[in-house]
Amino acid sequence: MSGITSSGFGRSSMIWRRIESGASQTTVACCSAGSDASARSASRRSSRASLRRRRASGTNARGRFMPRTLAGRSGFRANGTLRGRYRGRVDIDHVRRKLAAHTPEPVDLEGIHRAAVAVVLREGPRSAEVLLIERALHPHDPWSGHMAFPGGRMEEHDDSTRTTAARETFEEVGISLEGAEYLGHVDELPGNRRRKTHLVVSAHAFHVREHGDFDLDPKEVQQAFWFPLAGLHDRDRQVEHLVKDMPEARFPGVLVGEPGRHVVWGLTFRFLDRMLQTIDHPFERTWGNLASLVDEDGRPRFRR
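So the sequence shown is residues 1 to 304, counted in the numbering used here.
No lab work stands behind these hints, which were simulated from the structure alone.
Heads up, none of these hints are tricks.
Simulated restraints, written as ranges between beta carbons of each label pair:
1. Asp236 - Arg270: 17 to 23 Å
2. Gly212 - Arg285: 34 to 40 Å
3. Trp287 - Trp143: 19 to 25 Å
4. Trp143 - Asp215: 17 to 23 Å
5. Gln222 - Pro104: 27 to 33 Å
6. Asp93 - Thr286: 24 to 30 Å
7. Val243 - Ser176: 32 to 38 Å
8. Glu248 - Leu189: 18 to 24 Å
All residues carry an ideal CB built from backbone N, CA and C; glycine is no exception.
Can you make the complete structure from the sequences, with help from the hints?
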């Protein structure tokens, strides 16, 4: 299975109109001044009225259902894609400097198991890009189909969680990190605290200058692609993720691809959030309602 090597953004849309010229019809970029102004104004009023009707019904221009977290957003196109808006370049040099001065606080838990993920970065045309994977579908896997970083549990022969992150990346997507630049230890976070077995996950950042095509392990990964760090700040991509068996919880998430499918949330979102804070590019706002659903120790008040 081949991976998708795209930034996850479409080009910004242009406004077009058709003009009649005798028997021919020409498509031109909008618009000229003067006599066309009233026509443009009427067209905009009609478009806004149509958009309001679609928002009320929760469908797009083609009659397709839009998720509640996206319906009515100004950045949602009629064809089901999102406008990309970059808010400041995030380059590898900046990430390198910030992570070099960063030391995460260790998680102190008794009887813990270790796991690690790799935050793999490359320099993109307009922003540093991060590697994301969509996990394979398994009926008994709680993380089935989730968006994530490459990673997995630490094995006996791994001498560090950094080694674990690099090994898992090669096994899952076929990218070797042996010659990659190690940028630093992003953070370590506890896994699901409601489980009896304590799991601590470490995130390590790497910079790859050159890499081949993805070689995905279909048992682990069904898709992989690159996404610009700057694109995470697009508010039209900041959505609330709902989990079926926890209806009271609205998890903050970021839409990085197909609506309803490619949403980064949970532990992967928390690692992204921590890294953006570390490199001084934090999210400009908070969303979701998790803050009201946890106690002083960060344990959830709701039951699964």
